[in-house]
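Top line first, the protein sequences correspond to chains A and B. For the first sequence, position 280 matches number 280 in this note's numbering, and the numbering has no gaps at all. For the second sequence, position 116 matches number 116 in this note's numbering, and the numbering has no gaps at all.
Simulated from the structure, these hints should not be mistaken for laboratory data. Treat the hints with care, as some may be off.
To be verified - For lysine-lysine, the following BS3-like pairs were computed, each having C-alpha atoms within a straight-line distance of at most 25 Å:
| # | chain 1 | residue 1 | chain 2 | residue 2 |
| --- | --- | --- | --- | --- |
| 1 | A | Lys286 | A | Lys186 |
| 2 | B | Lys170 | B | Lys252 |
| 3 | B | Lys252 | B | Lys294 |
| 4 | B | Lys286 | B | Lys252 |
| 5 | A | Lys197 | B | Lys159 |
| 6 | A | Lys197 | B | Lys186 |
| 7 | A | Lys186 | B | Lys197 |
| 8 | A | Lys197 | B | Lys197 |
| 9 | A | Lys186 | A | Lys55 |
| 10 | B | Lys55 | B | Lys182 |
| 11 | A | Lys159 | A | Lys62 |
| 12 | A | Lys159 | A | Lys6 |
| 13 | B | Lys252 | B | Lys186 |
| 14 | A | Lys80 | A | Lys41 |
| 15 | B | Lys286 | A | Lys159 |
Listed here are the chains, written in short residue letters.
There are 2 protein chains.
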Amino acid sequence: MSVGVKVFAPASVANLACGYDILGLAIDGPGDEIIAKQVDKAGVVISKISGAKGKLPYEVEKNTAGTAAKKLLEFLGEDKFGIDIEIHKRMPFGSGLGSSAASACAAVMAVNEVLKRPLTRRELLPFAVLGEQVADGAYHADNVAPSLMGGIIFIRSNKELDVHRVPVPKGLYVSVIYPHVKVLTKDSRGILGDMLKLDQHIEQSGNLGGLILGLYNSNFDLIGRSLRDVIIEPQRAQLIPGFFQVQEAALKAGALGCSISGAGPSIFALSANNLIAENIGVAMQKVFQDLKIKSDLFVSEINQTGTYLL
Amino acid sequence: MSVGVKVFAPASVANLACGYDILGLAIDGPGDEIIAKQVDKAGVVISKISGAKGKLPYEVEKNTAGTAAKKLLEFLGEDKFGIDIEIHKRMPFGSGLGSSAASACAAVMAVNEVLKRPLTRRELLPFAVLGEQVADGAYHADNVAPSLMGGIIFIRSNKELDVHRVPVPKGLYVSVIYPHVKVLTKDSRGILGDMLKLDQHIEQSGNLGGLILGLYNSNFDLIGRSLRDVIIEPQRAQLIPGFFQVQEAALKAGALGCSISGAGPSIFALSANNLIAENIGVAMQKVFQDLKIKSDLFVSEINQTGTYLL
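Can you build the whole structure from these sequences, using the hints too?
Next up, the structure:
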């Protein structure tokens, strides 16, 4: 048995109000740690899972990290290679913060390291996406790509994994609050209508373009005007008790914008410096306190590192 | 009677495949010339119109240039000022090349010059949009803003006229062909369904973001992948005989992308240099020749000047 490698992948915020399925960013702090080592017996085995309250499956095909590792080994023609994986979850899951994505990202980088790095970070992306698909059902990279590569990532096409880095303005902070209420990704997707109005499309597209231009030009006012979701948020907000109060509190505290993180129930807000971000966090947490809902708060810069070897 | 000023406003291409109502660019060559002079009698009068085959109204309230001039004078509190306008159309109208917009842009700049420039170019925008609305029915700036300000313009919100300049990569050329078939803007709008699929929205948004990122990074491959319209073009193509043949010919000749210019019937293609742009133009024109449809071809760089004093 080899010494093994330890890899950390960060949590992430997908959608960013106006970029449903095509925008995401990585945050500092919460994430998943994976330890991988070579073992004699061929195939992937998950030997330990901690921090997930016993709710993550050890069965490789049902586990995002296991599946990501397996798909990567298959691609490399290393079917006879043996890998032992430990998953240490250092973030809430089912929270809308890309927990499945973090597991998959950490797994592919860990396996790649054990194999002496046959692929680049970018080349690992499809296998992490395949891993996350086990939990989410959909083949999309809006959590996986930022968790793996860091920063703010725009995805022209999930099918083609046509991913692009968007510049991060100096000072941009994100406040994320995870209220302890249960929202399943599949419910959160199921609630969405298949159709929308052309006017909604035009308005949302305008905001998406505005957000990208605002990020390019460090134009915080434009970022603020653009962080609006007229399609998804109105449908999903009902799944999160107190959502509109939290949003109002965040905006009053100086947020550029505030919306649902991924499929929820976490809520994120962007702001122009760390003190505003702290104030927003306190304001959001106060709302949930008043509603007698426990919550976890994460305040961070945009994580520019992505997944890394510890 | 004063000496008068002469102003030229260029034609423009709106929508750009994936930016319905929110993207447009100005082209070199065709456009509208307006001569304005102060006269004693209060109000706006249109004394001459040339190049429009007698089809443009002299009645100020029904004329985009007249209305734009009138709205501007009203805003400035110059209701008693007298302005005489001549309109010399040096481009086809009803062509999807922003003919109404060019008239309105030239008119507001001409009036502003006669009044010794009380407003900046940007401040003239709302009055040009109000002028164009007379012809188009809608308050939107996707032709007016590029015609007035030049370049490639992104509009976050037409209602708020939240307009932004997108960088133009060196070498970007546009080939535009106007086939002599009649498509009314109102028919072209009327044909569009009110609703679209969420999947179409995601795909189109991905392409919009891809196009903006491609323009920022001078990434011609990304621009090419992004110049696709899965919402509007499939509905409007039927109004233009031979559209798909022209599109195919343009792409074969090296176009990055090819779609309908504004409400049509003009068709535009973007390319990475002037020789490809010429080749595309020849290829597109050949298709219409074979279909026995007369056409006008315009090949140009992106016009960075916008409306200007002659």
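Hints versus structure:
| no. | hint | result |
| --- | --- | --- |
| 1 | A:Lys286 x A:Lys186 | violated (29 Å) |
| 2 | B:Lys170 x B:Lys252 | holds (22 Å) |
| 3 | B:Lys252 x B:Lys294 | holds (22 Å) |
| 4 | B:Lys286 x B:Lys252 | holds (13 Å) |
| 5 | A:Lys197 x B:Lys159 | holds (17 Å) |
| 6 | A:Lys197 x B:Lys186 | holds (19 Å) |
| 7 | A:Lys186 x B:Lys197 | holds (19 Å) |
| 8 | A:Lys197 x B:Lys197 | holds (9 Å) |
| 9 | A:Lys186 x A:Lys55 | holds (17 Å) |
| 10 | B:Lys55 x B:Lys182 | holds (14 Å) |
| 11 | A:Lys159 x A:Lys62 | holds (22 Å) |
| 12 | A:Lys159 x A:Lys6 | violated (30 Å) |
| 13 | B:Lys252 x B:Lys186 | violated (32 Å) |
| 14 | A:Lys80 x A:Lys41 | holds (8 Å) |
| 15 | B:Lys286 x A:Lys159 | violated (36 Å) |
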